[in-house]
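Q: Protein chains in written order, with the numbering used here: chain A, 1 to 410; chain B, 1 to 410.
Keep in mind that the hints were calculated from the coordinates and are not lab data. Any given hint could turn out to be false.
Note that identical chains are pooled: a pair holds if it fits in a single copy or bridges any two copies.
[Said to hold, decoys possible] Straight-line distance between alpha carbons at most 35 Å, and here's what the computed DSBU-like set of lysine-lysine pairs gives: (1) K331 <-> K108; (2) K314 <-> K387; (3) K228 <-> K314; (4) K2 <-> K108; (5) K314 <-> K205; (6) K387 <-> K331; (7) K314 <-> K331; (8) K228 <-> K2; (9) K331 <-> K2; (10) K205 <-> K387; (11) K387 <-> K2; (12) K2 <-> K205; (13) K108 <-> K387.
The model shown is predicted, which means the values in this text are computed figures rather than measured ones.
2 protein chains.
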Amino acid sequence: MKVLVLGGDGFCGWPTALHLSDRGDEVVVVDNLSRRAIDQELGAESLTPIATVSDRLTAWHEVTGKEIRFRNVDLAQDYAGLLALLESERPDAVVHFAEQRSAPYSMKDSGHKRYTVDNNVNATHNLLAAIVESGLDIHVVHLGTMGVYGYGTAGMEIPEGYLDILIPHPDGDPVAQEILYPTHPGSVYHMTKTLDQLLFAYYVKNDRLRVTDLHQGIVWGTNTPETKRDDRLVNRFDYDGDYGTVLNRFLMQAAVGYPLTIHGTGGQTRAFIHIVDTTKCVAMALDNPPVPGDRVKIINQQAETLRVRDLAHKVAELTGAEVAYVPDPRKEDQENDLLVSHATFLSYGWQPITLDTGLMMEVTEIARRYGDRCDLSKIPARSLWTKEQRAGVPAGYEDVPEGAPATVRV
Amino acid sequence: MKVLVLGGDGFCGWPTALHLSDRGDEVVVVDNLSRRAIDQELGAESLTPIATVSDRLTAWHEVTGKEIRFRNVDLAQDYAGLLALLESERPDAVVHFAEQRSAPYSMKDSGHKRYTVDNNVNATHNLLAAIVESGLDIHVVHLGTMGVYGYGTAGMEIPEGYLDILIPHPDGDPVAQEILYPTHPGSVYHMTKTLDQLLFAYYVKNDRLRVTDLHQGIVWGTNTPETKRDDRLVNRFDYDGDYGTVLNRFLMQAAVGYPLTIHGTGGQTRAFIHIVDTTKCVAMALDNPPVPGDRVKIINQQAETLRVRDLAHKVAELTGAEVAYVPDPRKEDQENDLLVSHATFLSYGWQPITLDTGLMMEVTEIARRYGDRCDLSKIPARSLWTKEQRAGVPAGYEDVPEGAPATVRV
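Given these sequences and hints, build the entire structure.
A: Dropping the structure here:
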């Protein structure tokens, strides 16, 4: 099928574009390169040396003989360009990764909150409006997040998007109803994904669009079978305080001989999925679209759940690193349970990669191989969620403790 | 108290600003005059001859000796201006009317959908981000809509914003939980108000802002005791197919001798409130704020519910007009029940104006007095909700039947 990968130069988008191309889909990467611009803004860069888009696509062509085209379009700002793209390409599907996806970045200050809301809401809404205007029947596969659910549900498993409830009726039996799972976003970024959900629900109802929303866990891992085929195809590895997810930051801390810093008690339970599985799940979602008239198809895209401190200890065991507890910059529950259904992808035959089987490869192939590129000053997470936290944190707050060894142990 | 009325030049905002000024609040009207610009775009204008902002404020000062100041700020586009305004004025409260509020306008085409989403979401989000950045404790009173609820709930009364539910538990008794009432918006405009709800919920939780969200019914009526004090203070009366709400359009059709056109069966039940009560309810909401840490305070702001055909027959009885049925441009249920709690405002002592007591005044004071200013070509509602409707409507579809009498009967 023909697929536009929106945000196809990013951490999830790039390996997904390659995976789809590899299996025979006709792929067009659409990206405004905002993620690279944010690297410039933050003075950070991927641990892995990522190539330019042009070099990436050239390498892919040289290695596989397959062509991926690239279009630089800003979905949030350039509606006319987006519409023209849909009308000229007439894709069967679009995979929509084109949103600002860091919670800490979204919380830095008003400007970053506003950018995240403006960019994410308008990108998604422009896409939906353009599909309606084009009159084309294009399946939208969107990367959402497990974070829309919030955490902790009285020991019950979180279903895939919809919840069956009973509404007490004053005059008789409770009325059964199915609702969108009530949202409890933990950051402005996560909030934008709850807004996306309502945009999808509306357009699916009013215009019979076909939409699949993937509620993804925290992605770990870096490379995929496709990105390993050439050094120029290597995927991003972010370890900075804004874009580095918890596992990557543990790996870097271990690689450079720092203690693994846990925010708060580390009792926060999160859902995880390997990047290879992201690419596989998106492909499965493309192969199993809803039909016009169906509600939004919501699928939980995660392999396993784990407490952050347990994750730290896994990394510590593999690397010999120590573990340190530091203040939590987020406003969040310190201890929560998290049970999540992932029945849909399992029903499609998915066999998830788990941390126990894949983690050592990350330590050796990424953290140790590229550790000498690490900029130690970028590891701390410095975004604080509220004014109380900004007022209350100790001077010099950061999650690399002062006096930690400065030598690199790789 | 000191109150900024955002959107204070509009249909609800203007009489509210006067009402608050009249009772002694210090009022600043903040408006980018977008509603007047949209009149230009549509080639429509208020039936009542509204004065410029400057003349309005001069008249108010002359009549009452009170001063209302005006600031032209675009909340969605000019964040710096908004923040500077909050920091210099340091208001106790803001009343937020500053959103595009017509459902048909929001459905005209992609451009209007996009404007409505971009404007409404960014206006609300900028306001919340600016309040957080200012560090001020400002009570936000927002005009939402009954339309976020959707219509029809198995004969049950719609509560004020929150719903007590039971979640069936696999291992025991159902778990009770309170959730935001599930939304079923009927247009892109209504959808933006469901997005607003999530923005409020997030900022109230993360930053302990104080927010009251008023879920308002369809407003009818034109003038208030304050707007009647001088001709230059007269409020808007919109009767065009985009901004004219159902009652105003019936009144104009009756005034000019046309049949009252009902979209579909007229079995749609809607909630109504008089403009005088809008101003009173907003004042009561200002006087009864939540405290920091409270959830969003949601209040239903409506006096009564009525089927559209019953409304038509009320107008027909008063005016002698005929009633005609035309195709429904909206994608909506044709027959629905609607029961709505309005316990909060009743508990504050509110005695609502009803259609049975106030409607005749509208017929005589507005429709007959200003009927000669009516542009007949503006009455039809021409926005269609979906491509199926655009494809399926008969040629020449409009809600003034061809051959209707062209003479004006006032």
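Q: A separate judgement is required for each hint: does it hold in the structure or not?
A: Status of the hints after comparison with the structure:
no., hint, in the structure
1, K331 <-> K108, "within (14 Å within a copy, 41 Å between copies)"
2, K314 <-> K387, "within (34 Å within a copy, 55 Å between copies)"
3, K228 <-> K314, "within (25 Å within a copy, 74 Å between copies)"
4, K2 <-> K108, "between (38 Å within a copy, 30 Å between copies)"
5, K314 <-> K205, "between (45 Å within a copy, 33 Å between copies)"
6, K387 <-> K331, "within (11 Å within a copy, 44 Å between copies)"
7, K314 <-> K331, "within (25 Å within a copy, 54 Å between copies)"
8, K228 <-> K2, "within (24 Å within a copy, 63 Å between copies)"
9, K331 <-> K2, "between (42 Å within a copy, 32 Å between copies)"
10, K205 <-> K387, "between (40 Å within a copy, 13 Å between copies)"
11, K387 <-> K2, "between (47 Å within a copy, 24 Å between copies)"
12, K2 <-> K205, "within (25 Å within a copy, 43 Å between copies)"
13, K108 <-> K387, "within (11 Å within a copy, 42 Å between copies)"
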